Amino acid sequence: MASLQQRPGLRAGDVLRYTTLTVLMVFFLFPIYWMIATSFKAPEDILTRPPKWLFSPVLSNYVFAFREANFGLFIENTLLVSVASTALVVVLGAAASYSFARYNVGKGHLMFFILTTRMMPAIAVIIPYFLIFKILGSSAVGRAIGVGLDRPGALIVAYTMFNLPFAIWLMHSFFQDIPRELEDTARLDGLTRFAVLRKVVLPLAVPGIAVTAIFCLLFSWNEFLFAYLLTRESAKTITVGVAGFWTQRGILWGPLAAAATICVVPMLAFALVLQRHIARGLTFGAVKG
Amino acid sequence: MSQDQALPRADHGLEAEQPGDGTMAPEQSGPTPTTRRRSLSDTGYAWLLVAPALVIIFFFALYPLGYAVALSMRHVDLTSSVGIGPYVGLDNYRWALHDKQFWVSAGRTGLFALVVVVVEMSLGIWIAFLLNGLRWLKGLFRSFLLLPLAAAPAAVGLIWRNMYHADFGVFNSLVAGLHLPEQNWLGNQRLALPSVMLFDIWQWTPFVAVIVLAGLQSLPKEPFEAAELDGASTFMVLRRLTFPMLAPVLTLVFVLRSIDAIRLYDPILMLTQGGPGTVTETLTFYLYRVGMKFFRLDQASTMALLFLYATIVFCLMVMRRLMRQMAERAERR
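Protein sequence lines correspond, in order, to chains A and B. Numbering-wise (my numbering), the first sequence opens with residue 1 and increments by one. Numbering-wise (my numbering), the second sequence opens with residue 1001 and increments by one.
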């Protein structure tokens, strides 16, 4: 941006930059390394003083985690809940966000109200949610669509609710950055408003929508409190499964690290794979003038 | 605002809210093909797009809110035979405002949010600038940055608990290596809160960095090229161009981080559970203790509402400027 020279070769500034960033990256990556390393340690290598850096890796923690807890089911539940709620958030959020950006519905007040719904402490809404899902769960409608206590539907709805404000706000700037002239031209070409949204605006907003979807998926996958309080066994998600190794008798560090790795690594891989897409999405705003 | 700027606005469904432009709206809707069938006004269409999201948000936000308001005005004690008891007016509010622990935990929450948000914003912006100036490996570093962000706080929080372990933890091994006294990070009255802060900073600084980097990369090149030709100093470019243009992004990140920092829950649960004593008990955790351990849902709801009210006031103050900027941007187009 500011610096335009493309001279090859290493300069003093570069060395400083790369060194600083490397040190920072060690800080940001170490806990993840530690989690993975601990998950492969034999019990006698875990609580040692000083901590062991070299050890012969074993798989017993993973075996234990899958034997003691139903991790297959937890993964399945988590996947279902995250993907479904992300899809809902993206569709509903994109429509609303576009409307706010393009038509300024509610003149900002409505958008602010939407943001305030994210400010409720989760612990304060959990009791009403519990009641909503208890009532829904015992009704025919709730049973038909799988919404109720200890059913994935409850978490899908709850996460949709919690991610919508974030999604609407995040996508807002992306929609604002789409030149209005493009839409006006398309209208002159005879497209309906909805066709303009579908064929002109949404394709241009894909990077923004993708970034939003990535964040929503992460938030849903990683959520703990709602999953903990709204599920018992059959709809339990993976984060709750991890905390399950904090038992009455203490923390089972090895299986816990294995479970945490199972929980965290898919999201890390997901973020890495979509990294370039995120980058494209984030550079997209250059259209703005 | 000049007339020719007002004109394009008139045919974008804003005429109803813009009395001044109303008179010319019908003639001026020329650019868009009004000859086509138009069963729905632009305003109607705009509301139709918002409606589905609004229905969900209204139902799942207003019902819990109403429920909390109702509980806050009753005597509710699930441990006694009273259950959901009689209407008591504002007694719970009076109780909360005189409850020392409420104020202490509120102050602690404020302190926590202030420290982590300031550190995360400064560090995040700095990292974004560092990354933005890179010529190679930018993508690699950015991928690395996404990792803490992608890790579940509940899961990785427990790993941090292990790292903070007084006897077997990595932090103490590091500290001992530097010949400094070992610490009981999560068990020490003075260190417990900063230890939780460090975890939050670890997790959320990358969020700030990634979004600010996106903002930096989306800035138009022309003003910066012009400034460079004019020989403007780096400081002037930052002050006059970069930061003003980044302001909306920065405000948004600031608000999002603040809201999440004061609502902090998972890390407290996983790292300290409010202890030692109550030195890391933030407002949400105190709420949890009152509501879920003492079963005083009335008092918990009351404090939740006071908390919500304070958050909204705070956000209104911070966001007034952002909202104005957004409104101006919306009008300019």
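Any given hint could be a false lead.
[Said to hold, decoys possible] Straight-line distance between alpha carbons at most 20 Å, and here's what the computed SDA-like set of lysine to any residue pairs gives:
#, chain 1, residue 1, chain 2, residue 2
1, B, Lys1138, A, Lys52
2, B, Lys1221, B, Arg1240
3, B, Lys1138, A, Phe270
4, A, Lys134, B, Tyr1063
5, B, Lys1293, A, Phe130
6, B, Lys1138, A, Leu29
7, A, Lys52, B, Asp1167
8, A, Lys52, B, Lys1293
9, B, Lys1138, A, Val23
10, B, Lys1138, A, Phe130
11, A, Lys134, B, Lys1138
These are computed hints drawn from the structure, not numbers from a lab. Since we're looking at a predicted model, the values are computed, not measured.
Structure-based check of all given hints:
Between B:Lys1138 and A:Lys52 the CA atoms are separated by roughly 33 Å; this puts the pair beyond 20 Å, and the hint is violated. Proposed proximity of B:Lys1221 and B:Arg1240 is supported: the alpha carbons are some 14 Å apart, at most 20 Å. Proposed proximity of B:Lys1138 and A:Phe270 is supported: the alpha carbons are some 18 Å apart, at most 20 Å. Only pairs whose Cα atoms come within 20 Å are accepted, and A:Lys134 paired with B:Tyr1063 is accepted, the gap being roughly 14 Å.
Proximity of B:Lys1293 to A:Phe130 is assessed by CA-CA distance (about 17 Å); at most 20 Å being required, the pair is judged to hold. As the CA atoms of B:Lys1138 and A:Leu29 are separated by approximately 16 Å, the hinted pair is consistent with the 20 Å bound. At roughly 13 Å between alpha-carbon atoms, A:Lys52 and B:Asp1167 fall within 20 Å of each other, so this suggested pair holds. Pair hint A:Lys52 plus B:Lys1293 does not hold up; C-alpha atoms about 39 Å apart against a cutoff of 20 Å.
Distance check on the hinted pair: B:Lys1138 and A:Val23 sit about 15 Å apart at the alpha-carbon level, within 20 Å; holds. Taking the CA atoms of B:Lys1138 and A:Phe130, the gap is near 45 Å; set against the 20 Å cutoff, the hint is violated. Between the alpha carbons of A:Lys134 and B:Lys1138 the distance comes to roughly 49 Å, so the proposed pair goes past 20 Å and is violated.
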